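Q: Listed here are the chains, written in short residue letters.
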Amino acid sequence: MITFIPRVKVSKNWVIIAPILSIVFTIFFGLLIFTFLGYNPLETLYQIFVSPFSRIDRISDILVKACPLIIIGTGLMLCFKSNVWNIGAEGQFIMGALLAGFIALSFPNIETKFFLLITILAGFVGGALWAFIPAILKTKLNVNEILVSLMLVYVAMLFIDFIVRGPLRDPMSFGFPLSKPYPEGAIINKIPFPGIGFLGQLHYGILFVFLLVPISWIFVNKTLGGFKINVLGSAPQAAKFAGFKQNSITLTVLLLSGGLAGVAGVIEVSANIGQLQPEVSFGYGFTAIIVAFLGRLSPVGILFAGIIIATVKLGADNAQMTMGIPKVVTGLFEGILLFFLLTGETLQKYKIKWSEGK
Amino acid sequence: MEALILTIIATSIPLLLAATGELIAEKSGILNLGVEGMMLSGAVGALGAVLWLENPYYGIVAGALSGVLMASIFSVFTINFMTNQVATGLGLTIFATGLTGLAGAPLVGKTIPSLPKIEIFLLSDVPLIGSILFKQDFVAYLSIAIIIFISFFLKYSKSGIILRAVGDDHQSAHSVGYPVKKIRWYATCFGGMCAGIGGAYIPLVLTPHWSEGMTAGRGWIALALVVFASWIPWRIIVGALIFGGITIAQLVGQARGWPIPSQLLSMMPYIATIIALTMISGRLSKNNSVVPSSLGKPFFGNQ
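Top line first, the protein sequences correspond to chains A and B.
Quick note on numbering: our numbering labels position 287 of the first sequence as 287, and the sequence is numbered without any gaps.
Quick note on numbering: our numbering labels position 152 of the second sequence as 152, and the sequence is numbered without any gaps.
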């Protein structure tokens, strides 16, 4: 039978090898399933993993797509590290975008880009408020945050649908469920490159990522707050004896992750859409869960993980256009990837020993 | 009125089955958040089988098998590789959403025949209750049979008591000599089977064609129902009927043009879930004994 023996020391290399091995295994099993369902595996492999790199504007689109994933993933990292399971980032993303959109549409003539500071703040508040519901229920009444945060995703989706078809609908939209376009001050512009012009959709929102990654690294590794989160997740008993208040940590990480998801929502809508519409998210909130795990719950890891997963997402778009494979297929890869990543985590802590007999 | 009650029952059956299966898994200490994914697999499996074999009963079998297959994947990782159950369950739902989207793509636009109603001799002629209770389809009878069976199983059978022991304290159960991992495998697969049949019921009776993510959160509501029922089987029936009722109420409201926007009505089942969880959780935190103590904790074998 198989027994697991705890490792005395965790190999440093394993921290990097495990995600890479997981990706290799995932590609192998993914292709096996594709072959089984009658698709050409090599063509699929090319479309999903290679075609996103085939042109420079496509590479910059990877960054655009990775942007919300990294922002949400960083927030989720704080939750998952402290064993709080916020799986409703999708809803927090929507509510952040919605509140920011409401503010933006209330000032139709504003032109100064400083206004973006206000809309981004509004996005943070909107997302954090939506996360506050599972947070307060969890800390006050011990209600399962997994189910509450997820239920609120459905509520948020229906709510934005209602708002965009009802109160905030543009009377000039010819019956389409769209709000008025945002004022100039609430739009995030594309980045012009001298001599080249724009690179795909690459926009200034990406700067937020470059700000967020170092800040979150410092927070996690160098501050007392980050230390508390780490201890609570890895050794809850120790955290209790040290007198860390579990409830206030739970509340904080939920509000921060909700807020960041909301900010991601603002950036996505302000840079790529420019007005409110019934669908603003396309599953970023759920995909970011995989990003957080692939990044091994570390800020720098999440940066890379976001780029990898964004590549697969774009590749799946290409595969849909050229091969007619449904876009949801990325879920297949994401699910398998998560299974192997989690297995890697076990193998990091335990050695497998095979023995004969019982 | 009668038609209304029949629709409420039909709407609650997928919830009832999925929640019952999850209850058994949780009683053994396994928290499987992949219910939504297992239901989706059951739905697509049933659709494929019925289109291929042209007999709705094969849909039930195919749904059950698809659910068990998904549950086996979950079991390999959580039980044998001791991965985090919450994350693995999420992974299973994400995986199944992708897989069913791919497998279901060729089925789009095709319609399947509905599961026939079975009239029970004489009883179905009883006024009022006859046509409600004794003129149902096979899965409806099956789901009630399963609930009755597991109520007795958990309370009176030796295997049921062992199952609960494993869920309450896997270390002790192991030292007494019970095969913890094997029991959890069985329990999780039973959960997968029930969720698969519950998922199959959606195309077989409720909407006879495939659309991506057609379970629409029922798997998550089923998970909430287990908490709502405080892990007591018969209470799942009550919970499932309440949720079936709320779902139908909002549909009726939309059809009759209540002066409330349809989206706000559609939120009702989800908001009701949150309210129900809140009411029950407050009570549960005072009386913790009903929650299986080893729920969600990995078992490492002999240490």
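Rather than coming from a laboratory, the hints here were simulated on the basis of the structure.
Everything numeric in this text was worked out from a predicted model, so none of it was measured.
Beta carbons: idealized from backbone N, C-alpha and C, even for Gly.
A few of these clues could be false.
Stated by the list, open to error - To give a feel for the contact side, a few chain B residues facing chain A, derived at Cβ under 7 Å:
id, residue
1, Thr-88
2, Gly-91
3, Ile-94
4, Phe-95
5, Leu-99
6, Gln-171
7, His-174
8, Gly-177
9, Tyr-178
10, Pro-179
11, Gly-217
12, Ala-224
13, Ala-272
14, Ile-275
Claimed, not checked - The list that follows gives simulated cross-link-like pairs (lysine-lysine, BS3-like), each with its CA atoms no further than 27 Å apart:
id, chain 1, residue 1, chain 2, residue 2
15, B, Lys-182, A, Lys-349
16, A, Lys-351, B, Lys-182
17, A, Lys-240, B, Lys-110
18, A, Lys-349, B, Lys-181
19, B, Lys-135, B, Lys-158
20, A, Lys-222, A, Lys-9
21, B, Lys-110, A, Lys-327
22, B, Lys-297, A, Lys-9
23, A, Lys-353, B, Lys-110
24, B, Lys-158, A, Lys-353
25, B, Lys-297, A, Lys-81
26, B, Lys-181, A, Lys-351
27, B, Lys-158, A, Lys-245
28, A, Lys-9, A, Lys-140
As the list claims (entries may be wrong) - Here are some of the chain B residues that sit facing chain A, going by a computed Cβ distance under 8 Å:
id, residue
29, Phe-77
30, Ile-148
31, Ser-151
32, Phe-152
Q: Work down the list of hints and note, for each, if the structure agrees.
A: Hints, verified against the model:
Checking Thr-88(B) against chain A by beta carbon gives a least distance of about 6 Å; that is within 7 Å, so the hint holds. The beta carbon of Gly-91(B) comes within 4 Å of a beta carbon in chain A, closer than 7 Å, and the hint placing it at the interface holds. Here the hint on Ile-94(B) is kept, as its CB sits about 4 Å from the closest CB of chain A, short of 7 Å. A cut of 7 Å between beta carbons decides the hint on Phe-95(B): the least distance to chain A is about 2 Å, and the hint holds.
For Leu-99(B), the interface hint holds, since its Cβ comes within 7 Å of a Cβ in chain A; the closest pair sits about 5 Å apart. Taken as an interface hint, Gln-171(B) does not check out: its beta carbon lies about 15 Å from the nearest beta carbon of chain A, beyond 7 Å. Proximity of His-174(B) to chain A is violated relative to the hint, the smallest CB-CB distance being about 12 Å (cut-off 7 Å). The closest approach between the C-beta of Gly-177(B) and any C-beta of chain A is roughly 11 Å, which is over the 7 Å cut-off, so the hint fails.
For the restraint placing Tyr-178(B) at the interface with chain A, the shortest Cβ-Cβ distance is roughly 13 Å, beyond the 7 Å limit, so the hint is violated. Taking 7 Å as the C-beta cut-off, the interface hint given for Pro-179(B) is violated, the closest approach to chain A being about 10 Å. The criterion of a C-beta within 7 Å of any C-beta in chain A is met by Gly-217(B), whose closest approach is roughly 6 Å, and the hint holds. Because the closest C-beta pair between Ala-224(B) and chain A is about 5 Å apart, less than 7 Å, the hint holds.
Hint status for Ala-272(B): violated, given a least beta-carbon distance of 9 Å to chain A, over 7 Å. Restraint check, Ile-275(B) versus chain A: the minimum CB separation of about 10 Å is more than 7 Å; hint violated. For the hint pairing Lys-182(B) with Lys-349(A), the CA-to-CA distance comes to about 23 Å; that is within 27 Å, so the pair holds. About 21 Å separates the Cα atoms of Lys-351(A) and Lys-182(B), which keeps this hinted pair within 27 Å; it holds.
This hinted pair does not check out: Lys-240(A) and Lys-110(B) have alpha carbons roughly 57 Å apart, beyond 27 Å. Between Lys-349(A) and Lys-181(B) the CA atoms are separated by roughly 20 Å; this keeps the pair inside 27 Å, and the hint holds. Taking the CA atoms of Lys-135(B) and Lys-158(B), the gap is near 35 Å; set against the 27 Å cutoff, the hint is violated. Annotation: proposed proximity of Lys-222(A) to Lys-9(A) holds, straight-line Cα distance about 23 Å (limit 27 Å).
Restraint check for Lys-110(B) and Lys-327(A): satisfied, since their Cα atoms lie roughly 20 Å apart, inside the 27 Å limit. Straight-line distance between C-alpha atoms of Lys-297(B) and Lys-9(A) comes to about 23 Å, which keeps the hinted pair within the 27 Å bound. At most 27 Å may separate the alpha-carbon atoms for a hinted pair to count; Lys-353(A) and Lys-110(B) exceed this at roughly 51 Å. At most 27 Å may separate the alpha-carbon atoms for a hinted pair to count; Lys-158(B) and Lys-353(A) exceed this at roughly 33 Å.
Annotation: proposed proximity of Lys-297(B) to Lys-81(A) holds, straight-line Cα distance about 17 Å (limit 27 Å). For the given pair, Lys-181(B) sits about 19 Å from Lys-351(A) by alpha-carbon distance, which is consistent with the 27 Å threshold. For a cut-off of 27 Å, the pair hint linking Lys-158(B) to Lys-245(A) is broken: about 43 Å separates their Cα positions. Distance check on the hinted pair: Lys-9(A) and Lys-140(A) sit about 39 Å apart at the alpha-carbon level, beyond 27 Å; violated.
Below 8 Å, beta-carbon pairs count as interface contacts, and Phe-77(B) has one with chain A at about 5 Å; its hint therefore holds. Taking 8 Å as the C-beta contact cut-off toward chain A, the hint placing Ile-148(B) at the interface is violated, the least distance being around 27 Å. A cut of 8 Å between beta carbons decides the hint on Ser-151(B): the least distance to chain A is about 24 Å, and the hint is violated. Hint on Phe-152(B) is violated. Least Cβ distance to chain A is approximately 28 Å, over the 8 Å limit.
The structure shown violates the earlier hints numbered 6, 7, 8, 9, 10, 13, 14, 17, 19, 23, 24, 27, 28, 30, 31 and 32.
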